[in-house]
Each structure stands twice: as structure tokens, then as C-alpha cells.
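Q: The lines below spell out each chain.
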Amino acid sequence: MSTPSNTDPVVLVRDVYKEFRKGETVIPVLAGMDLELLPGDYLAMMGPSGSGKSTLLNLIAGLDKPTSGSVIVCGQDLGKTSQSALAKWRSRHVGFIFQMYNLIPVLTAYENVELPLTLTPLSRKQRVEQVKTALEIVGLGDRMDHYPRQLSGGQEQRVSIARAIATDPTLIVADEPTGDLDAKSGNEILELMHRLNEEFHKTIIMVTHDPSAAARAKRTLTMADGRLVSDIQNSTATGTTA
Amino acid sequence: MKLLTYIWRNVRRNKLRSGLTMLSVAFSLALMTILYGYLAMQAYSQREATKHDRIVVLNKLGFAAPLPIAHIGKIEKLDGITCATPYSWFGGNYKGQRSPFAQFSVDPQKVFDVYSEFDIPDDQLAAFKKQRQGCVADKSLAEAMKWKIGDRIPLEGTIYQQDLDLKLVGTFEAPGNTGSLWFNWNYLDEELKNSGAGNSGNAGSVQAKCTSAKAVALMSDEIDAMFANSDYATRTRSEAAFQQLFASFLGDVQSYIRYISMAVVFALTLVSATAMAMSMRERITEIAVLKAIGFSKQRVLALVLGESTMIAILGGLVGIVMGLGGLHLLSSVPMAASLFPIPVIELAGSWLWGLVAVAAAIGLVSGITPAVLAAQQSVVDGLRQVV
Ligand SMILES: Nc1ncnc2c1ncn2[C@@H]1O[C@H](COP(=O)(O)OP(=O)(O)O)[C@@H](O)[C@H]1O
Ligand SMILES: [Mg+2]
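These protein sequences, in sequence, are chains A and B. For the first sequence, the positions run 4 to 245 when my numbering is used. For the second sequence, the positions run 5 to 391 when my numbering is used.
Chain A with its partners taken away, still in its complex shape (with noise of 0.2 Å):
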């Protein structure tokens, strides 16, 4: 696979604060930011509890606002975009992946892999397609017809991974996504990260806690009340070793 001629940044994040409000208190979270991906990219953040991953993670896709500074994800800037907009730019350009997986618990598996494509103006015949593509890319072709409940944690994990690369977004972000599963299926989470990274040139942000898994993605990023710490190019980045 040829890695992607385009160079411009996916994610540009410059001079970002971001503080919570509640009542008279500003508790402040994320105190001057800066972070650039670029395509192929693979980061890994790490930090304590409580040290701005997931609200970084939340600004960059699109879920929240910055207070001040600049997020600019795929060429757009969302701190200027709509909230309406912001729903249509990240059904078409990020993935999203949660530690609790997150799937509609009266949908099946082959549906809730189609939810984020039912946004979409594709026909019905492409869907079908994209979805089964999704499911045997994770593994799971032949369990389209199951619900979450009569899948394990891991498959459950594997089948929202499903869910975030079916609309074939340009960004996957992912929030503790082994932080609910044992060492096996957590290993095979990460397999499968590295591999839509790898194969399919996804551009991926992962918080993780685990040293190890952080280790399997080329960069990982150290924060601590909300600033960074370290932004470290992981030399042996195969993926292949735990």
C-alpha cells in the first residue's frame, strides 16, 4: 500500500484552552494545547486520570468546543462551525470508538455497523456492502445477525470498530477502547487498530492507560493537567509484539 501523497495536517491543534463552567467555577482543563497529526498518523495518549485526554479528544472530534486557540481537523475549523454542521462533518469524517463499545443494544450487529451509513446519501446495495466489508475486515462476517448481548466484550468491541470504519472516515478516535477487556481480546483490539492503520492508512487517536498498548501506535503523547508532558516518536513500532 503507497502511503498518502497529501501531507497537509489531518489534525491541527494550536494554542488550545479549554475550561468547564459550573455555576460561579471555571474549572480550567486544558491550559494552551498544541498538537499536529499528520496522515497515517498513529497517537497513543497517555496521562492521569483527569488530565484533559478525552476532553482533547472530544474537541478534535467535533464533539465539543475549544474555549479559545484553534482545532482544525480534515480542512475544517470546528470551533466555527455549527452544531447541525459539526453532526454532518463527523458522520462523514471521524470514527468513533468508546470503552464501553456503545452499541444499540435492540439492534444487531450488521445493523448497528449500518446506523452510521443510514446518514449517508449511499444506495441501499452499496451499504450492504460496506457493512459485510466492515464486519469480515473485524472478523466477524458470520455474526452479522447477532445482538450485542450474544456477543463477548471483545467481539462487542470489535463490532463497534466495525461501526467507526463502515462510513470509511479519515479519523478514528479512540477512547480507552481495551480499558473494559481482558489481555487476550484487548490484544486483539490492538491488532486490529495497528491494521487499520497499516493497511488502510487510517489516521488514529487512542487513550490508553496501558504502557503497552501505547507502545504499538507510532507516537505517543504525555499529558498532565491538561498540558503536554512528552510527544514521543515510538521507534519499534511494529504492532506485532505485545
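By construction, these hints were calculated from the structure, which means they are not laboratory data. Watch out, some of these pointers could steer you wrong.
Pairs of lysine to any residue residues, derived as SDA-like cross-links and limited to a Cα-Cα distance of at most 20 Å, are as follows [said to hold, decoys possible]:
{"id": "1", "chain 1": "B", "residue 1": "Lys301", "chain 2": "A", "residue 2": "Ser87"}
{"id": "2", "chain 1": "B", "residue 1": "Lys171", "chain 2": "B", "residue 2": "Tyr98"}
{"id": "3", "chain 1": "B", "residue 1": "Lys143", "chain 2": "B", "residue 2": "Asp127"}
{"id": "4", "chain 1": "B", "residue 1": "Lys301", "chain 2": "A", "residue 2": "His96"}
{"id": "5", "chain 1": "A", "residue 1": "Lys83", "chain 2": "B", "residue 2": "Ser382"}
{"id": "6", "chain 1": "B", "residue 1": "Lys19", "chain 2": "A", "residue 2": "Tyr150"}
For clarity, every value in this text was computed on a predicted model and none was experimentally measured.
Chain A is already provided as a structure; the job is to place chain B with the ligands on it using the hints.
A: Structure of chain B with the ligands alone, referenced to chain A:
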């Protein structure tokens, strides 16, 4: 997969809660179907009553006041009148039950000419005309009471100090279920005379058939003018006006029905809004995930409103079917038949669609608050609930 599939799965998600909401909508809509069915029957009877050019003559003082039988001869002589019969409420007890069905004394020679739209086999009519103690009954009444031709039907007098020993000689079929039994006016009157009980010679009321629709109004005035200066002045009405008078004894039913319905709809909306709010509270994270994936506010709104509306409409449909079943039962029970005389099939009309719309409105309105809350809910806060 369509949004509708997802909505339907959500409806079935908490079967107990959805089921209970549906049931409360169903019971209320069943009640409303019966109430509005009653109104539809009134309207139907009104239309029906204008078809047959009949008039009803009462004593000016009201139902209970007597009307001499001699009036009938005079009324029948009028040009605009085809024929007339006495029609007097007996109100007797049957086998220890207090007046379980309507009983009227009539003139067997005339009554089926006045009620020319009623069907009775010729031989049975002949028997009714000939046998002093013979009686005929509405076919549905006879079926409900399990009477066969030839059965004896003893009635115990309540208004009159006179018991009757009747024999069923025939059954008739009317456009609606009248729930009535007709017997010979002469039989009762002769017995009253023999026993010296008094109040003999009372026609109760007179039902007469006019020659034309035009004659109905003319005859009403002419009859009342004719008896104006007699001891027994009359008040004559068209059959339709008479039915309206009868219905008005129940009070302003239309308004009552409207008030009751409004109260029911209001209570129901609160009930289903509560159920819907509970459902949405359990799905805060799920809604956040949908919005993260790219669901617009409108789509979330449609998802929630669709669910509440689907529940209400399903419950409403069940209720309307239950209500129609209830109306059917009521129209075949002799005691209720005089209030609900019309077969349900005849009543089907736009008012049923109105009730479906009421159910849909309950669903929509009850879904608005939870739907708007879900649509406005912050994605980030919703997602933080998990972690
Ligand atoms: N929506 C919010 N409202 C108020 N405080 C918040 C909100 N989101 C995050 N925070 C606060 O911001 C800090 C960082 O949170 P978060 O980004 O979730 O940390 P991490 O993911 O690194 O554990 C925490 O102190 C948290 O309580
Ligand atoms: Mg977090």
C-alpha cells in the same frame, strides 16, 4: 435498516412499560369509542327518524299524562295521516327482573303499517292480529332471551296493577335493535276494565305515519290545534324531534362526553409522557452515541416522537377495536339496546379516524418534552456518564 425499524425495536425494548402505556391508552380510547359511538348512534337515529314520515303525539303535560284512545280515530281521519297506533310503555317485571326489556302495548292491526320498514313474516303477523294474548318481539331480543315461538312470557305489572300472560307468536326485524316487545293494547285495556283497576282507555302515546315528509309538519300543528281545547290537549312532534327530546333527558350528553374525553386525554398524555421520560432517562448514553455518530437533532427528535406516537397509536387502535366490541355487546344486550340501537357496522365513519388522531396526538404531545430534552442533550455530558 430504516429509522422505523429502530423505532419499532425501541417500542418493544421495555415490553412491560410500553405494554402498560398501550393498555392505558387502549382503555381510555375504548371508553371514548363507546361515548362517541353513542353520539354517532344519536346522529344516525336522527337521520333514520326523518326517513319514515312519522309523528309522535303525547299529552301536552308530558310522557306520564294519559292520552284517550278516542284521539286515535280522530287523528287517523286527517288527510295527511296514513295510519296510527297507540304506543304505551308497560314497564313490567319479567321472572323477578325489574323491567329487563322494553314492552309496549300497540294496535296489532296497524303497528306494522306505521313501522312499515320493520319485517315480520306474514303468518306471524296474522297470528299477532288474531290472538288476543299474542305478542311479537325484536328478533335480537328473542335471541338474547332464548325465546321460541309459542313460549309464554308472563309480565308482572308495575305501572298498571295488572299482570299479563303473553305468548310469543312472532319476531320482527328492525333496521336497528329496538330491544322491544309489542303486545295487544286491547288485551291490557280489557283486563284493566274487568278488574276495575281504573286508568283504562289510555293510549299512552300515539305513533302515526304521515302521507309525506311535507305532511309531518302540517299534521303536527293540525293535531295540536284539534285537541287544544279538549281535556287532553296534545303536543305532537316529528319522530326525530321526539328522539331528541328523549335523548335530552340524559342531559347535555354531548358536553359531558367532551369534558370527560378532555380529562381522559389530559391524564393519558401525562401517563405516557412519564413513561417516555423514564425510557429516555435510561438512554442518555445511547442518545449521546447517536449524536456523536452524526445523528442530527431532528433525527433524534423523530426517533423519540416516533416511539411515543407508535405506542399511543397501537394502544389507540386496540382501544378502538375494544370499544367497537363494547358497542356491539351493548347493542345486543336487551337492557342497553334502547340506548345503543344501531349495529356497529352502520356506525363506522370519520369519527373513528378522529379517535385515531386523538391517540396519535396523545403520543406526539407526550413525546415532545422527552424528545426535545434528548435532542438538546450535550453529547459530551452524555458520554461522560459511562466513564
Ligand atoms: N463536561 C464537563 N463538565 C465539567 N467538568 C468536566 C467536563 N468534562 C471534563 N471535566 C473535567 O475536566 C477534567 C479532565 O477530564 P477528562 O478530559 O475526562 O480527563 P481524562 O480523560 O484525562 O481522565 C476532569 O477534572 C473533569 O472532571
Ligand atoms: Mg477519559
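Q: If a hint holds in the structure, say so; if it doesn't, say that too.
A: Hints versus structure:
1. B:Lys301 <-> A:Ser87: Holds - the C-alpha atoms of Ser87 (chain A) and Lys301 (chain B) are around 8 Å apart, at most 20 Å.
2. B:Lys171 <-> B:Tyr98: 13 Å, holds
3. B:Lys143 <-> B:Asp127: OK: Lys143 (chain B) and Asp127 (chain B) at ~16 Å, within 20 Å.
4. B:Lys301 <-> A:His96: 19 Å, holds
5. A:Lys83 <-> B:Ser382: 18 Å, holds
6. B:Lys19 <-> A:Tyr150: Given pair Lys19 (chain B), Tyr150 (chain A) holds - Cα atoms ~17 Å apart, limit 20 Å.
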